[in-house]
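Okay, here's what each chain looks like letter by letter:
2 protein chains.
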Amino acid sequence: MSPPGEFSLIDQYLTGLGATRDDVALGVGDDAAMVQCAAGESLLLALDTLVEGVHFPADCPAHWVGHRALAVNLSDLAAMGAEPAWALVGLTLPAADEAWVAGFARGLDALAKRHGVAIVGGDVTRGPLTVSLQITGYGGAHGLRRDGARAGDELWVSGRPGEAAAGLRIWQQGDRQSPRWQGLLAAFLEPSPRVALGRRLRGIATAAIDVSDGVIADAGHIARASGVGLSLDMHQVRPSARLVACLGGDEAQRCYLGGGDDYELLFTAPPRARSSIRQAARDAATPVRCIGEARVGDGVALQGGESDSLMPAGYQHFSAP
Amino acid sequence: MSPPGEFSLIDQYLTGLGATRDDVALGVGDDAAMVQCAAGESLLLALDTLVEGVHFPADCPAHWVGHRALAVNLSDLAAMGAEPAWALVGLTLPAADEAWVAGFARGLDALAKRHGVAIVGGDVTRGPLTVSLQITGYGGAHGLRRDGARAGDELWVSGRPGEAAAGLRIWQQGDRQSPRWQGLLAAFLEPSPRVALGRRLRGIATAAIDVSDGVIADAGHIARASGVGLSLDMHQVRPSARLVACLGGDEAQRCYLGGGDDYELLFTAPPRARSSIRQAARDAATPVRCIGEARVGDGVALQGGESDSLMPAGYQHFSAP
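Those protein sequence lines, which keep their order, are chains A and B.
234 is the number that our numbering gives to position 234 of the first sequence; each next residue is one higher, with no gaps.
1089 is the number that our numbering gives to position 89 of the second sequence; each next residue is one higher, with no gaps.
None of these hints come from the bench; they were simulated from the model.
Virtual Cβ for every residue (Gly too), placed ideally from N, Cα, C.
Heads up, a few of these hints could be off.
Selected chain B positions facing chain A (Cβ under 7 Å, derived; list incomplete) [to be verified]:
no.	residue
1	V1028
2	M1034
3	C1037
4	L1047
5	T1049
6	A1079
7	G1090
8	G1121
9	Q1134
10	G1139
11	R1146
12	G1148
13	E1251
Part of the chain A face toward chain B, derived, beta carbon under 7 Å [as the list claims (entries may be wrong)]:
no.	residue
14	V28
15	A32
16	A39
17	T92
18	A96
19	S132
20	G143
21	R169
22	Q173
Could you build the full structure based on these sequences and the hints that come with them?
In structure tokens, the structure reads:
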């Protein structure tokens, strides 16, 4: 059931990737990996699958696919406030393309090292280009869940939402070489999961999620899980200068609210936590902004500004109670 | 990036599957699952991907795909002597086919309950039909690795190797309805991972692997990892009566040696461990047979009987030193 060359691909390119960790007793090469679990810790487990043409463009260089496969999983752990430790990667390939696997491994390795993650397991199979990556991390006593937002909490977001959606458009239709758009392209191709910020928000934030489906859609997930309504203050929804320069103000705001793949953190906390949040953001070297608040009710509402024309198509616009 | 209906498919069919475990703090529905790790234990982690048309036939009923996706991972843990605990499933589907997902979930749930596994994470994406499943289990102080076989050890195998390969042929070309072949079909469609046996072989076996690529190929993995040669005694390579009845003696032996997907355990142990092995097999209600021995050298050799004509094509026949 293995394609020709599976074992040599694993041996040559997928062994020993990422950080070296003392708690790894056995990495790639046996039936399973073996790691030593720290006593009394809770473990956080996530798994994400990326399909060519759905989650990354068909012409995407292999090292970006390697980066992205790990980044989306790191982002899941960041949204739980977890510290990533070990990952396993399942690679499905149409052919045993050594150059592609080498590039993929390079992108995966670099990001894994940056976050102290050991790649402890690898599986290569034949089929349409697909990557499944599973990650395990430590969560302390409590993780950041989606269901802890309370009426009166403020809603915050990290970084520069909307830039990844703009980067995808540039990749698909624009001038990929232009120095002007490299920052937006990088936001799409090499997202930086907010692991450092997430970890520092443990015990501060009441709920958190990573922005993969878009700010409004992911705010909706928090609202639904927590049983609250969320209002976004359109005066605080401020796309970055380069996003506005690329798309114009209205479209930049639409991308901010509805674009996916940002892998920023969207989180809630009571107003008294403001200074702790700003300190956490400084320590994590990650910008944050308060963009709204939680209230009794349900759904996500936009308030202030010309909000109605900005609600992305397909999302229901709930009114405040 | 999610197909329409992803969330409802997860909510409706992939939530709460498998066993209920006290150590699961948070299952399907957040960015990651949270579990409590027992103090001082080592964890075993495995990930396997199944692609339609490669790892299961395109017309395979969904509940068998669900069973198989978990079974191959359970088998990886069995080969490490581990006790399975938590699994995450990534499902890639061409369309939001509710009936298919319901069937898949049914097969997954039944096998997970049988082995005390909680399905704690689920991810549904759009793309060619592919299942990635990741499993984590407890391994005690030591796992069964591939690299511990020593010259003088005996080589053992569980169950009835070759039956899965025969079952696949019946599925593809034979009379699927015939009562006569249901046992062979079940060996292919619903493999029983040898978790109970693997756990009992901890501290007894010196090396172990599960038979996914075929007895000779997987013996080769043990030989290479352990730095020994393995000799199979052809007088002990005895295909089951129903396998011989289906394929005839010669072809049955070829399937025994070269057929894949058996998910039996192949393991080594010193001769003094014989009675412990037989006791472990009785306790696990799993038949075992000693089929060869490890010696100084490398590779896999067949000895006794008309071995040369039985060596599956594509495998190098190493001679004893």
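Hint-by-hint comparison with the structure:
{"no.": "1", "hint": "V1028", "in the structure": "violated (11 Å)"}
{"no.": "2", "hint": "M1034", "in the structure": "holds (5 Å)"}
{"no.": "3", "hint": "C1037", "in the structure": "holds (4 Å)"}
{"no.": "4", "hint": "L1047", "in the structure": "holds (4 Å)"}
{"no.": "5", "hint": "T1049", "in the structure": "holds (4 Å)"}
{"no.": "6", "hint": "A1079", "in the structure": "holds (4 Å)"}
{"no.": "7", "hint": "G1090", "in the structure": "holds (4 Å)"}
{"no.": "8", "hint": "G1121", "in the structure": "holds (5 Å)"}
{"no.": "9", "hint": "Q1134", "in the structure": "holds (4 Å)"}
{"no.": "10", "hint": "G1139", "in the structure": "holds (6 Å)"}
{"no.": "11", "hint": "R1146", "in the structure": "holds (5 Å)"}
{"no.": "12", "hint": "G1148", "in the structure": "violated (11 Å)"}
{"no.": "13", "hint": "E1251", "in the structure": "violated (20 Å)"}
{"no.": "14", "hint": "V28", "in the structure": "violated (11 Å)"}
{"no.": "15", "hint": "A32", "in the structure": "holds (4 Å)"}
{"no.": "16", "hint": "A39", "in the structure": "holds (4 Å)"}
{"no.": "17", "hint": "T92", "in the structure": "holds (6 Å)"}
{"no.": "18", "hint": "A96", "in the structure": "violated (14 Å)"}
{"no.": "19", "hint": "S132", "in the structure": "holds (3 Å)"}
{"no.": "20", "hint": "G143", "in the structure": "holds (5 Å)"}
{"no.": "21", "hint": "R169", "in the structure": "violated (15 Å)"}
{"no.": "22", "hint": "Q173", "in the structure": "violated (18 Å)"}
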